[in-house]
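Asker: Okay, here's what each chain looks like letter by letter:
Number of protein chains: 2
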Amino acid sequence: MATEPASRSEAMSRGPGRRPGSADTRGEILTAARRVFAEKGFDKATVRGIAREASVDPALVHHYFATKEGIFAAAMRLPLSPETILPELLEGPREEVGERLVRLLLRVTAAPETREPMVALLRSAMTNERAQGMFREFMTNALLFKVADRLGVPHLRIEAAFAQMFGVVMARYVLKLEPMASADPEELVALLAPTLQRYFTG
Amino acid sequence: MATEPASRSEAMSRGPGRRPGSADTRGEILTAARRVFAEKGFDKATVRGIAREASVDPALVHHYFATKEGIFAAAMRLPLSPETILPELLEGPREEVGERLVRLLLRVTAAPETREPMVALLRSAMTNERAQGMFREFMTNALLFKVADRLGVPHLRIEAAFAQMFGVVMARYVLKLEPMASADPEELVALLAPTLQRYFTG
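Just so you know, the sequences run in chain order A and B. Under this note's numbering, the first residue of the first sequence carries the number 962, and numbering increases by one thereafter. Under this note's numbering, the first residue of the second sequence carries the number 962, and numbering increases by one thereafter.
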């Protein structure tokens, strides 16, 4: 590739013990992944197709990102992959899953560096048709339905829970409605956890 | 005022018994109002300031739109003014206010011609700083806090209710998450009304 030498030297600066080129290969896979997700959406994109687009072996893609969900999260610069969120949410008493979800989302959205990429994805999903399709497929198939199916919750109920927290994140951080924007996280947990718990346990 | 004769002559075209001129005066007031709201935000804009910007008498602005809330709704092409929504919401048994709110919002958002201007305002509030300030002030001071104060509900709770329904409208009509997008309105009422009712009655 024409750009490899430049990228290789960049790769080197990433840290000791790395062989030249590997940081850049990662970047090239992500660039290819963004193209493939934009063209095919999340559901139809495959690790193999992304590898082909990046001219690398699929095994290398798996090596860097483990799963398609992992590639998507990295390509969209999301701070967390479903694989790291879901266990935290699903482990623990069933009657506290609402509270765990509120705490998890408030923690993840509290720091600008983890919040901003998520808000950027939501914003583009609301204004751009292609981003919308990708977001919809990822959100439902990689996140919401996985949680719902694991907990035996109907899909409509998990989407009602998603809608509540999507609205809270928007009202608190994007629209900055007061008193929501400055509310103490514990107050929000007390207010919102019972709502989510009701959706999860009926 | 300089433009009054012209505006007066257009008023006539609006219907029998009306003198020509007012339809255009109305349009000029709305154009002026959009400028004033964009510059000053909702709270600091005044009927007097909008009248001055449109070079008409404040009484004429009141004649067309009754209140600042009414001007804002018309200027943003909102299908409903707070004055028409609030009585419908507040009248009736207190223990059914959650259900009334869900029904009202589902009805208003079901038809594209009433939904689209609302979604457009929400979209621009999420992507444009100025629209955000206007939206925030209008949403809290002209709608949410009025309902909250009338019902004696803390402002944070009314914003949690807003967040739930904002999320539902986005998930159903903008992101088009299934099964939410195709869900029967009665199913949504049964699912969401208890959430809102809890925010309203604690």
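Be aware that one or more of the hints could be misleading.
Identical copies carry no separate label here, and so any pair may be met within one copy or between two of them.
[To be verified] Pairs of lysine-lysine residues, derived as DSS-like cross-links and limited to a Cα-Cα distance of at most 27 Å, are as follows:
(1) Lys1107 with Lys1137
(2) Lys1137 with Lys1005
(3) Lys1137 with Lys1001
Treat the hints as calculated values from the structure; they're not laboratory data.
Asker: All hints are to be evaluated individually against the structure, with a verdict given for each.
Answerer: Against the structure, the hints come out as follows:
1. In the homo-oligomer, the alpha carbons of Lys1107 and Lys1137 lie at most 27 Å apart only across protomers (18 Å), although the nearest pairing inside one protomer, at 31 Å, exceeds that limit.
2. Proximity of Lys1137 and Lys1005 under a CA criterion of 27 Å is satisfied inter-copy only: 18 Å between copies versus 36 Å inside one chain copy.
3. Proximity of Lys1137 and Lys1001 under a CA criterion of 27 Å is satisfied inter-copy only: 18 Å between copies versus 34 Å inside one chain copy.
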